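*Asks:* Chains as they are written, first to last, in my numbering: chain A, 48 to 339; chain B, 85 to 615.
To be clear, the hints were calculated from the coordinates, so they are not data collected in a lab. Honestly, I wouldn't trust all of these hints.
[To be verified] With beta-carbon atoms standing in for the labels, derived distance ranges: (1) A211(A) <-> A133(B): 28 to 38 Å; (2) V105(B) <-> R239(A): 44 to 54 Å; (3) P113(B) <-> S54(A): 18 to 28 Å; (4) A133(B) <-> R239(A): 50 to 60 Å; (5) A110(B) <-> G183(A): 43 to 53 Å; (6) A133(B) <-> P314(A): 26 to 36 Å; (7) A61(A) <-> V105(B): 50 to 60 Å; (8) F107(B) <-> P152(A): 31 to 41 Å; (9) P314(A) <-> F107(B): 15 to 25 Å; (10) P152(A) <-> P113(B): 46 to 56 Å.
Keep in mind that this is a model prediction, so the values were computed, not measured. We treat Cβ as the ideally placed atom computed from N, Cα and C, and that holds for glycine.
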Amino acid sequence: MKRSLPSSREPFPAPFRAMLEQVLRHSGRVQGARMQTLRSRHQTLQQSGTFVGHRSYVKGDDLRRIDWNAYARTGTLFLKLLAEEEARAATVLLDCSPSMGVGTPPRWATAQRLAAVLGGLSLVHLDAVAVQTTRGATFQGRAALAGMLDHLAALTFLPQDPQAVAADLQRRRAPSRVHWISDFVDPTATERTLLRLRRAGCRVTGWLPTIPDDFRVEADGWRLVCDPETGREVPLRVDVALARAMTHELQVLQRQQQRVFAACGFPLQRLTLPTETFDAGRWMEAGWSFRR
Amino acid sequence: MELPTLTAAHQLWWLLALLPVLFWLAQPPRPRRVLWTAHASQWRLAQEALRRQPPRFRALRWLLLSMAAVCAVLAAADPVWPAGIGPSRLFVLLDASASTAARGADGEASPFEREVAAVRELCDALPLHVAVDVAIARDGAIARRSGAAARALSDVGTPSGLLPAPLRELAAAGARPDTQVWTLSDSQMPMASAPMAGAWTQFGAVRDNAALESVTIEDRWPLGDLLVRARAIAFAPQPMQGQLTIEGAIQSSVQQPITLPPGQFVELEIPLVRAAAGGRLTITLELAGDALATDNGYRFQLPPLPQTRIAVQADEDDQGLAKKSGAALAVVTGGQWIEARPGESVGFLIVEGGKGGLPAEPGPMLSFGRAREDSTPWPAPVGIDWNRRDPLFGGLDFSELEVLHALRDALPQGETLMSAQFPDGTRAPLAVLRRGPSGSALHFAFRLQDSNLALLPAFPQLLLRTYERSQPGSHGIALEQAASPLAESDLRRFDDTPARTVPAFPVASRNLAPWCLFAALVLMALRCGVR
Chain A
48 MKRSLPSSRE PFPAPFRAML EQVLRHSGRV QGARMQTLRS RHQTLQQSGT FVGHRSYVKG
108 DDLRRIDWNA YARTGTLFLK LLAEEEARAA TVLLDCSPSM GVGTPPRWAT AQRLAAVLGG
168 LSLVHLDAVA VQTTRGATFQ GRAALAGMLD HLAALTFLPQ DPQAVAADLQ RRRAPSRVHW
228 ISDFVDPTAT ERTLLRLRRA GCRVTGWLPT IPDDFRVEAD GWRLVCDPET GREVPLRVDV
288 ALARAMTHEL QVLQRQQQRV FAACGFPLQR LTLPTETFDA GRWMEAGWSF RR
Chain B
85 MELPTLTAAH QLWWLLALLP VLFWLAQPPR PRRVLWTAHA SQWRLAQEAL RRQPPRFRAL
145 RWLLLSMAAV CAVLAAADPV WPAGIGPSRL FVLLDASAST AARGADGEAS PFEREVAAVR
205 ELCDALPLHV AVDVAIARDG AIARRSGAAA RALSDVGTPS GLLPAPLREL AAAGARPDTQ
265 VWTLSDSQMP MASAPMAGAW TQFGAVRDNA ALESVTIEDR WPLGDLLVRA RAIAFAPQPM
325 QGQLTIEGAI QSSVQQPITL PPGQFVELEI PLVRAAAGGR LTITLELAGD ALATDNGYRF
385 QLPPLPQTRI AVQADEDDQG LAKKSGAALA VVTGGQWIEA RPGESVGFLI VEGGKGGLPA
445 EPGPMLSFGR AREDSTPWPA PVGIDWNRRD PLFGGLDFSE LEVLHALRDA LPQGETLMSA
505 QFPDGTRAPL AVLRRGPSGS ALHFAFRLQD SNLALLPAFP QLLLRTYERS QPGSHGIALE
565 QAASPLAESD LRRFDDTPAR TVPAFPVASR NLAPWCLFAA LVLMALRCGV R
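Please model the complete structure; the sequences and the hints are all you need to start from.
*Replies:* Right, here's the structure in full:
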């Protein structure tokens, strides 16, 4: 009998959506978000182009780019968007391999919410965000947030090769700023992918939503250990010695992950995000930052 | 080729329960708690660090265990390799009649010795599963041996006597569907002719033989004279010459030359004088070229002759009847009579009258009217009667016996042989017989001179019978050993039916259960060695 991963709950419940709106409205308090805004504003002032549309005004936008006529008609502030030769955008690369579905609580839900936050911030502060998953999609403007959430919520697990994903990014000329959300359980494949992205000129930030299983193992007797990638099931008697050895191996894995990213010159963010409570303040204290 | 079979095949039902249980037990543990992990590689590395391997179903170990279980169940089902088709018993019929003791002139083995050797040789080569029965026919009977005693065939005795029945009938009686009959004989016709079925081995040969057909002895006890009559015959194509030897308990041995014409009886009468001490008397026919020795001899046991000194003790009123009786008896027995004196050793004592006690231990004695202190006169006893069935008085007529005076209460306790009637109608003994280890004593309650007993015709016979029967022990001549029957002596005719050999016996059924158990143990050992 084929065993299946435990089903995950709704990744974007209403409390999360409310918190996400709150985070996006006060995105300036997010460490690094302001830097992103200044960078985009600087680029916006120094370029010109054809009018391609509007986006909602957010605090800190350049007042000179407000479309007052639209404000007169609708009573809402909009900024005029001009087409550029190189779009100011980011790529959110979300790992959809089945190994993301494990953990209590599941790492996948945290990864989806993290992708939503990163994508939302990109939609707010940049011109567009490309969400690269099992099926790629590009979203532009603040109004595309709901569509992006639906896209993320509809994602399913599919075994994928990180190098193939990187090649796909390169072929599609996706934005070079890449937020890679994954568990990075295979340091070797991760290193090859990072080197490939670096050769392509991408700047990568690794995001690793942590779960308790990444740090400790309980010695609680016989367990049927299942690998979601291969479906292999191994009965194991998890005693104190094995739990200790496994904890050691997990520490080795963490060091390998850190070494791989450091060797490639990219940052790796380990985030332990709240899963049950969606309080903006606690999310902001998670320690993640754009500045790196 | 026979295939192995199972005696208790129903035991195989255990496999239906056993194999699934073993398969279930061989399965690796299936924990109910499931741990989905992204760190499968780390789990593997952690186990390798501890030199552990995850439990898994080991097909080879399960296969070896299952095969061991199958072997054990097969052992319980009692597997056997069936025996081959054919007899499983051997019935050996040995002819041990007197003729099988015949030997040739060169002293070769007798047919019986060759029969025994042949049986022992075959039994040595016979498979152990073959049950052996040996029937030795001799003396009109069959002695049977089975099992190890039959295979060893020791202490087989010597040939003697006749066959109880023709060999054909004996072999047919021993035949069974699972039995191979093997008859061994000298094939002397007609009793020992070849059976119709079964194996047949004969060791007979034409030989010259002579036999003593019979020997009779005419005894003149208590005199020492003997007359031996021997009857002999030769079974040969030409006359046989030799001698008849008589030796042993006689005063001088006799060697009588004899010539036996073919097929004719020759009778010899030889007078002898026996030795007083008695002993063994042997009569042997010795002829040149005689093949069979067991039909040539007779052996008798002669008792010692009695003492013939006869003493007579009579009172003063004796009219000489007692002394004359003693003298007559001495003449008949060849002895002498004397006056009885104290301390004299005699063979027989005749007492007439007198007063006094009788010897406490009875011996050869005949007394008439010996009075005791408490004896009372018994005038004219009437109604005299005697025991006609007793060997002593049987056939004697005492009807004309008249007794003038007898003694009442004068006789000792003993067997009453004669009695008379008192006037009051009661009866009392007139003669009693006392028996003892030293002989017997006959006592009469009246004297010879007070009766007409000495004048009766039965008196001499009574006197002689009393003398004979009062002697201690038996005085008859006993035959110790006779020659073999004449039917076994003719060695000129034998059955020349060709020999039929004993066929090979099929292999025995083999129990394969120990092998199955051994295989189970080996498989279990292999399983312990397989990781």
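*Asks:* Run through the hints listed earlier and report the numbers of any the structure violates, in increasing order.
*Replies:* The structure breaks hints 4, 9, 10; every other hint is satisfied.
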